[in-house]
Amino acid sequence: MNGSAPRTRPDVANGLLKKEMYEYKAPWPVYGLDWSKRPGEKSFRLALGSFLEEFSNKLQIITLAELAYDDYVRTPNTDFVKIAEADHHYPITKVLWEPFRVGLNTPDLLATAADHLRLWEITDEINNASNTIGANTDFNAPLTSFDWNEVDPTLAVTSSIDTTCTVWNVETRQAKTQLIAHDKEVYDVAFATSSTDVFASVGADGSVRMFDLRALEHSTIIYETVMPHPSQVNASNQTQSTALLRLCFNKIEPQYLATFHMDSTDVQILDVRVPGVPVAELRGHSSTVNCVNWAPNHRGYLCSGGDDSQVLVWDINNMSMSHNNVNRYNQDPILAYKAANEICQLSWSCKCPDWVAIGFGNTVQALRV
Numbered sequence: 001m002n003g004s005a006p007r008t009r010p011d012v013a014n015g016l017l018k019k020e021m022y023e024y025k026a027p028w029p030v031y032g033l034d035w036s037k038r039p040g041e042k043s044f045r046l047a048l049g050s051f052l053e054e055f056s057n058k059l060q061i062i063t064l065a066e067l068a069y070d071d072y073v074r075t076p077n078t079d080f081v082k083i084a085e086a087d088h089h090y091p092i093t094k095v096l097w098e099p100f101r102v103g104l105n106t107p108d109l110l111a112t113a114a115d116h117l118r119l120w121e122i123t124d125e126i127n128n129a130s131n132t133i134g135a136n137t138d139f140n141a142p143l144t145s146f147d148w149n150e151v152d153p154t155l156a157v158t159s160s161i162d163t164t165c166t167v168w169n170v171e172t173r174q175a176k177t178q179l180i181a182h183d184k185e186v187y188d189v190a191f192a193t194s195s196t197d198v199f200a201s202v203g204a205d206g207s208v209r210m211f212d213l214r215a216l217e218h219s220t221i222i223y224e225t226v227m228p229h230p231s232q233v234n235a236s237n238q239t240q241s242t243a244l245l246r247l248c249f250n251k252i253e254p255q256y257l258a259t260f261h262m263d264s265t266d267v268q269i270l271d272v273r274v275p276g277v278p279v280a281e282l283r284g285h286s287s288t289v290n291c292v293n294w295a296p297n298h299r300g301y302l303c304s305g306g307d308d309s310q311v312l313v314w315d316i317n318n319m320s321m322s323h324n325n326v327n328r329y330n331q332d333p334i335l336a337y338k339a340a341n342e343i344c345q346l347s348w349s350c351k352c353p354d355w356v357a358i359g360f361g362n363t364v365q366a367l368r369v
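Each residue of the sequence shown is one higher than the one before, counting from 1 in our numbering.
None of these hints come from the bench; they were simulated from the model. Some hints here could point you the wrong way.
Result set (DSS-like, lysine-lysine): computed pairs, CA atoms no more than 30 Å apart in a straight line [as the list claims (entries may be wrong)]:
no.: 1; residue 1: Lys58; residue 2: Lys19
no.: 2; residue 1: Lys338; residue 2: Lys351
no.: 3; residue 1: Lys338; residue 2: Lys58
no.: 4; residue 1: Lys338; residue 2: Lys25
no.: 5; residue 1: Lys351; residue 2: Lys19
no.: 6; residue 1: Lys58; residue 2: Lys351
no.: 7; residue 1: Lys25; residue 2: Lys58
no.: 8; residue 1: Lys19; residue 2: Lys338
no.: 9; residue 1: Lys351; residue 2: Lys25
Taking CB as the label site, the calculated pair distances span [stated by the list, open to error]:
no.: 10; residue 1: Val226; residue 2: Pro107; range: 22 to 32 Å
no.: 11; residue 1: Thr196; residue 2: Pro275; range: 19 to 29 Å
no.: 12; residue 1: Pro275; residue 2: Leu104; range: 35 to 45 Å
no.: 13; residue 1: Ala215; residue 2: Gln174; range: 17 to 27 Å
no.: 14; residue 1: Asn317; residue 2: Asp183; range: 12 to 22 Å
no.: 15; residue 1: Pro99; residue 2: His298; range: 35 to 45 Å
no.: 16; residue 1: Gly361; residue 2: Ser56; range: 15 to 25 Å
no.: 17; residue 1: Asn318; residue 2: Val102; range: 29 to 39 Å
Predicted model only: the values in this text are computed from it and were never measured. Note that the Cβ used here is the ideal one computed from N, Cα and C, for glycine as well.
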């Protein structure tokens with residue numbers, strides 16, 4: 001698989017970013033979204049994945065128009081330029097750039113999850129304005145999500161609708177281990193911050209489970225969804241718990257992770273050292289929460305987005321963290337932004353930590369926070 005990388009103009013660190021918001025209109029609904037982890041001018045690249053219920057999805061890479069040379073096609077009234085695109089048949093459930101390894105001359109890689117886990121590479125081809133990306137390899141599984149280990153980028157872990165999680169060696173394209181992680185579909189999985197062995201997952205059974213690759217015969221249930229009162233359920237779902245859809249580890253204090261229920265307006269903050277009860281619950285959204293992401297450079301900041309079109313930034317350092325039911329609820333975000341449509345995805349840049357990207361409809365916005 002070959003593609004081409006853009007020739008780029010001066011680095012974003014040189015004061016090039018003057019606006020508070022940059023916008024891009026994609027030709028399809030956006031779902032997959034991730035900032036590049038590379039330094040310099042590449043740090044303001046975004047990978048986008050479409051979500052079409054048909055066999056004609058796309059993967060795109062965009063960068064700011066002022067960071068790309070003039071041979072890339074500009075679209076009127078948009079701040080970004082498309083610098084690469086590839087066909088991706090099934091909808092992309094997640095896209096991630098490879099964690100950057102300082103001092104190593106590694107290829108510029110990203111991965112996507114859908115019917116398989118696919119690796120993609122952009123190679124430098126100067127004077128080629130018609131850039132394409134092609135699949136390098138496939139990992140065979142129907143996937144809901146995945147995570148790329150930041151300590152050891154040879155490792156990735158995937159989650160699947162078949163109740164399993166699989167840890168892969170990205171370099172050899174071989175599975176290191178596969179385990180039945182939940183009783184029902186697994187919806188998300190993430191490595192614990194700064195660990196190559198510990199990861200957690202959430203799923204349709206309503207639990208958060210932690211695993212250690214050094215002792216896979218055991219797992220720890222960190223949190224289970226509280227069953228609704230019988231008066232709140234009907235005969236068809238009395239035995240069902242509410243699914244947990246996503247989870248995200250704090251980037252600075254890995255004992256904390258955030259998760260949320262299906263069709264819920266609240267975000268739960270869990271302390272893995274004290275399983276069972278959330279230490280905080282964030283109650284600022286007026287409609288369903290769809291995505292959460294911790295700040296890469298601040299131990300307390302968390303961003304959430306939902307169907308109420310709101311992007312909220314929270315500071316859990318200012319909250320009363322409680323291991324009982326008293327004083328754990330918070331309704332006061334420190335920042336709020338109202339978009340034009342439901343927020344389906346967000347990504348907080350690790351190289352430009354003042355910037356959060358959000359996706360809603362066919363629009364991507366980069367917001368200065």
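Hints and how they fare:
The straight-line distance between the Cα atoms of Lys58 and Lys19 is roughly 28 Å, inside the 30 Å bound, and the hint therefore holds. Restraint check for Lys338 and Lys351: satisfied, since their Cα atoms lie roughly 25 Å apart, inside the 30 Å limit. Using a Cα cut-off of 30 Å, the hinted pair Lys338 and Lys58 holds, with the two alpha carbons roughly 27 Å apart. The hinted pair formed by Lys338 and Lys25 meets the criterion: a straight-line CA distance of about 17 Å does not exceed 30 Å.
The suggested pairing of Lys351 with Lys19 holds, with an alpha-carbon distance near 18 Å, which does not exceed 30 Å. For the proposed pair Lys58 and Lys351, the alpha carbon gap of about 25 Å is at most 30 Å, so the pair holds. A C-alpha spacing of about 14 Å is found between Lys25 and Lys58, which places the hinted pair at or below 30 Å, so the restraint holds. Of the supplied pair hints, the one linking Lys19 and Lys338 holds, its CA atoms being roughly 17 Å apart against a limit of 30 Å.
For the suggested pair Lys351 and Lys25, the alpha carbons sit about 23 Å apart, so the restraint of at most 30 Å is met. In this structure, Val226 and Pro107 break the distance hint of 22 to 32 Å, their C-beta atoms being roughly 46 Å apart. Checked against the hint of 19 to 29 Å, the C-beta distance between Thr196 and Pro275 comes to roughly 22 Å, which is consistent with it. Range check, Pro275 to Leu104: Cβ separation about 38 Å, and the 35 to 45 Å hint holds.
One distance hint, 17 to 27 Å for the beta-carbon pair Ala215 and Gln174, holds here, with the actual separation near 21 Å. As the Cβ distance of Asn317 to Asp183 is approximately 36 Å, the hint placing it in 12 to 22 Å is violated. Pro99 and His298 have their C-beta atoms about 19 Å apart, which leaves the hinted 35 to 45 Å range violated. The given range of 15 to 25 Å is respected by Gly361 and Ser56, whose C-beta atoms sit roughly 18 Å from each other.
One distance hint, 29 to 39 Å for the beta-carbon pair Asn318 and Val102, holds here, with the actual separation near 33 Å.
Consistency with the previously given hints fails for numbers 10, 14 and 15, ordered from lowest to highest.
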